[in-house]
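There are 2 protein chains.
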Amino acid sequence: MNIVIIGGVAAGAKAGAKIKRLLPDSSVKIFTDDTHVSYSSCGLPYYIEGNFEDYRTLLVRSPEDFKASGIDVYLQTKVIQILPDKKKIILENLEQVKYDKLIIATGARPKYPMIDGIETTKNIYTLRKIEDGIKIRDIMRKSKNAVILGSGYIGLEILESFVKNGVHVDLIEHNGSIMPRFDYDMAMIIQERKETSCYKNFNVHLEDTICKVENLSNKVLVHTIKGKKIETDFVVLCSGVTPNVEIAENAGIKIGETGAIWVDKLMRTSVEDIYACGDCAEKTHIVSGQKVWIPLGSTANKEGRCAAINAAGGYYEFEGVLGSTVTRCLNTTIAMTGLTEKDAKSVGFSPVSTIIKKYDRVAYMPEASELIIKIVADKITGLLLGGQAVGSIGADKRINTLTTALLGHLTVQEFGNNDITYAPPYSTTIDPLLDAMNILCKKINREC
Amino acid sequence: MNIVIIGGVAAGAKAGAKIKRLLPDSSVKIFTDDTHVSYSSCGLPYYIEGNFEDYRTLLVRSPEDFKASGIDVYLQTKVIQILPDKKKIILENLEQVKYDKLIIATGARPKYPMIDGIETTKNIYTLRKIEDGIKIRDIMRKSKNAVILGSGYIGLEILESFVKNGVHVDLIEHNGSIMPRFDYDMAMIIQERKETSCYKNFNVHLEDTICKVENLSNKVLVHTIKGKKIETDFVVLCSGVTPNVEIAENAGIKIGETGAIWVDKLMRTSVEDIYACGDCAEKTHIVSGQKVWIPLGSTANKEGRCAAINAAGGYYEFEGVLGSTVTRCLNTTIAMTGLTEKDAKSVGFSPVSTIIKKYDRVAYMPEASELIIKIVADKITGLLLGGQAVGSIGADKRINTLTTALLGHLTVQEFGNNDITYAPPYSTTIDPLLDAMNILCKKINREC
Chain A
1 MNIVIIGGVA AGAKAGAKIK RLLPDSSVKI FTDDTHVSYS SCGLPYYIEG NFEDYRTLLV
61 RSPEDFKASG IDVYLQTKVI QILPDKKKII LENLEQVKYD KLIIATGARP KYPMIDGIET
121 TKNIYTLRKI EDGIKIRDIM RKSKNAVILG SGYIGLEILE SFVKNGVHVD LIEHNGSIMP
181 RFDYDMAMII QERKETSCYK NFNVHLEDTI CKVENLSNKV LVHTIKGKKI ETDFVVLCSG
241 VTPNVEIAEN AGIKIGETGA IWVDKLMRTS VEDIYACGDC AEKTHIVSGQ KVWIPLGSTA
301 NKEGRCAAIN AAGGYYEFEG VLGSTVTRCL NTTIAMTGLT EKDAKSVGFS PVSTIIKKYD
361 RVAYMPEASE LIIKIVADKI TGLLLGGQAV GSIGADKRIN TLTTALLGHL TVQEFGNNDI
421 TYAPPYSTTI DPLLDAMNIL CKKINREC
Chain B
449 MNIVIIGGVA AGAKAGAKIK RLLPDSSVKI FTDDTHVSYS SCGLPYYIEG NFEDYRTLLV
509 RSPEDFKASG IDVYLQTKVI QILPDKKKII LENLEQVKYD KLIIATGARP KYPMIDGIET
569 TKNIYTLRKI EDGIKIRDIM RKSKNAVILG SGYIGLEILE SFVKNGVHVD LIEHNGSIMP
629 RFDYDMAMII QERKETSCYK NFNVHLEDTI CKVENLSNKV LVHTIKGKKI ETDFVVLCSG
689 VTPNVEIAEN AGIKIGETGA IWVDKLMRTS VEDIYACGDC AEKTHIVSGQ KVWIPLGSTA
749 NKEGRCAAIN AAGGYYEFEG VLGSTVTRCL NTTIAMTGLT EKDAKSVGFS PVSTIIKKYD
809 RVAYMPEASE LIIKIVADKI TGLLLGGQAV GSIGADKRIN TLTTALLGHL TVQEFGNNDI
869 TYAPPYSTTI DPLLDAMNIL CKKINREC
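As you go down the protein sequences, you meet chains A and B in turn.
Just so you know, we're using the working numbering here: the first sequence kicks off at 1 and counts up by one.
Just so you know, we're using the working numbering here: the second sequence kicks off at 449 and counts up by one.
Source of the hints: derived by calculation from the structure; they are not laboratory data.
Model, not experiment: these values are computed from the prediction.
One should not assume that every hint holds.
[What the hints assert, rightly or not] Derived CB-CB ranges, DEER-like:
| id | chain 1 | residue 1 | chain 2 | residue 2 | range |
| --- | --- | --- | --- | --- | --- |
| 1 | A | L75 | B | N779 | 44 to 50 Å |
| 2 | A | S369 | B | L523 | 46 to 52 Å |
| 3 | A | S197 | B | C659 | 54 to 60 Å |
| 4 | B | G761 | A | E367 | 41 to 47 Å |
| 5 | A | E195 | B | S645 | 50 to 56 Å |
| 6 | B | N651 | A | E367 | 36 to 42 Å |
| 7 | B | M562 | A | K442 | 46 to 52 Å |
Virtual Cβ for every residue (Gly too), placed ideally from N, Cα, C.
Given these sequences and hints, build the entire structure.
Put into structure tokens, the structure is as follows:
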């Protein structure tokens, strides 16, 4: 059996390793236009920050590791076409490679916003691949100032890396709050935490965006739509990503309503013997049941595994995602899972919510710090829909308690008596999550 | 409506406050033989450790707070009899008090082991009430050495308080491992962590116990069954607690198989209009469905609330407990939920288990530290049964993720794709919990 995989960062690498374990006698080939295979792109901001010096720390498996387990990895080898009828792919050098099963794991790429002069201006970066990380780290170490466009996860993680390295940052966000995926009330809390952080060497520019960049001797002059001019050493564009679906689309593979490759629960595309997984593939949201595109490394791993099992002739359903994320910015933990209140409304729930501000452990413990949790539930059924948290280390783990509740389709009443561990160094007698449930129960006129 | 509550630490205090809110016109009286009402006894080890100087920090509501909300609290007032037929209780001074609804929240008391000379030897303590905490803190501050009998939660928490205050401790445990509620393999790991801790001023004596104590000028001479003689400044007995059920038993109220007061899901006892909650009451284990007695402050709060709602004429079922606990000892976090492997066997499951030893976040993050998690599941159904964790701060929160899975009766397959948050400062790409599920799926011959 010939297995061909296009792409090898997270989903593709995982799929390759898994399928070879399941079918040791098969031929497994991974083609990637990248210079590296099987690495943690989520770790790039921590490489830039300087937690480790050697970028190879980010590599999960090297091409040699793959070779040792009988998998052939072709780096910097672009696949230009899929021929489903002939069950072949065509490489850039026009070589044709036969497959019995094809797994598409082409990932995503940064979105380039419309900015005047972007083609001709030096020192404009995006962060996706290892080379990007190396370049950004190198210029950061030589710089005093940077501009970051976009305040989602990557934007905030890079902000942290830069300011901790003494580089002043101008963070530009076209929405009215940073971290716009969060509900506005929680985004405002994240913003307050930034403002009261011990790090002061950054400015946030809201409701603004970059309209033009130009070279200015060794610097970049950034123009914003509000008329600001910012002279800076370099610019990082973190304004989102877009799935790499062109090769699939050109082969007649169905693209979903979200713009990513449509797949079923077995990670099968619309074309026989072709699977898709990772950031190029559409996902199903476990709470809403709707198709979404939330590209995350942790999901890519699970989907790669699922695609491999099914491509190898097994049967395994991937239930979907909750959109759970965590990021650290200026030592604040920001995490969420499930639907925000705005998401919940837009998919037809009748959300009620509560925000609990409380110490994360008993107030007399020296380590006690503020935790702010928002919980969203459906008013009609009491079903838990999602949660957002801002706090110190541990805020994310309270969100994981909630991911499990969403996975189990629990209601606020059911969660209300959750036997959560308690001791003064770890929690308040009534955990903030349980406080939230009690308040939500009242809001939906139920006792819990 | 006359509501009478016997006991006022956690369950009784909570029940009183809740019922007064539900029935503002009722008369609510709390009788307690204690000198304090509504306090956090779980906080006593942290008071002893010196995290705060004023014990009143532990008070949740003062008698004056209760008075202000229209609740009468009678401190140091022992109830000697319940007359269910007359719907009256009798106080020590023989005064009779009528009730329409009675809530028993008499709690538990330390078990005194059979020790020769215990009656006549000075400086032997137990820790349950605020006065106990004050006495132990005072003698600790004047002492160089202490003996602790018992290495459950309280024993280990006091060990930490003492050694952090420079007091050398001899910890005596009659079982073959410390923390005997854990499975032996995990208890061994807890023990290793103790041995490699930065604190060295303690000895652990396993498979031994105190058989005799005697005064030795201002010291205590402790004799163990293995023939050791330990000269020490004082002794703290932490060999478990026993429920205060005598007053209920004498009134003909049914005592359950566990020795605590039998209650239904509404916290009703076998006698009409009498409820029981907190440490004196039996609980139902959510995983095994069996009656258990696991006395915990967090449960007492929930049960007090449940008893109050039902006594006030509402309807609310308390589903039961998972036996979730966390403790910190020498800066190690030790947490568990659900059934251990030995528990699971004894109640008729066919347990399989796995132990994952892994960093709690990506290894290159400077804060990464070892996390050891054991997960137990049923081989036949894949149902998750319980988990135990040892690690740094955060080990407990991973256990809470599992409490929610137990509450939702999830299987290892279902949990296997839990969309847990991931970023390098918080977790590994595949969270240790998910690694455990993958291994367990293999052990039960299922894919996940």
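Task: Hint check, failures only - done: 2, 5, 6
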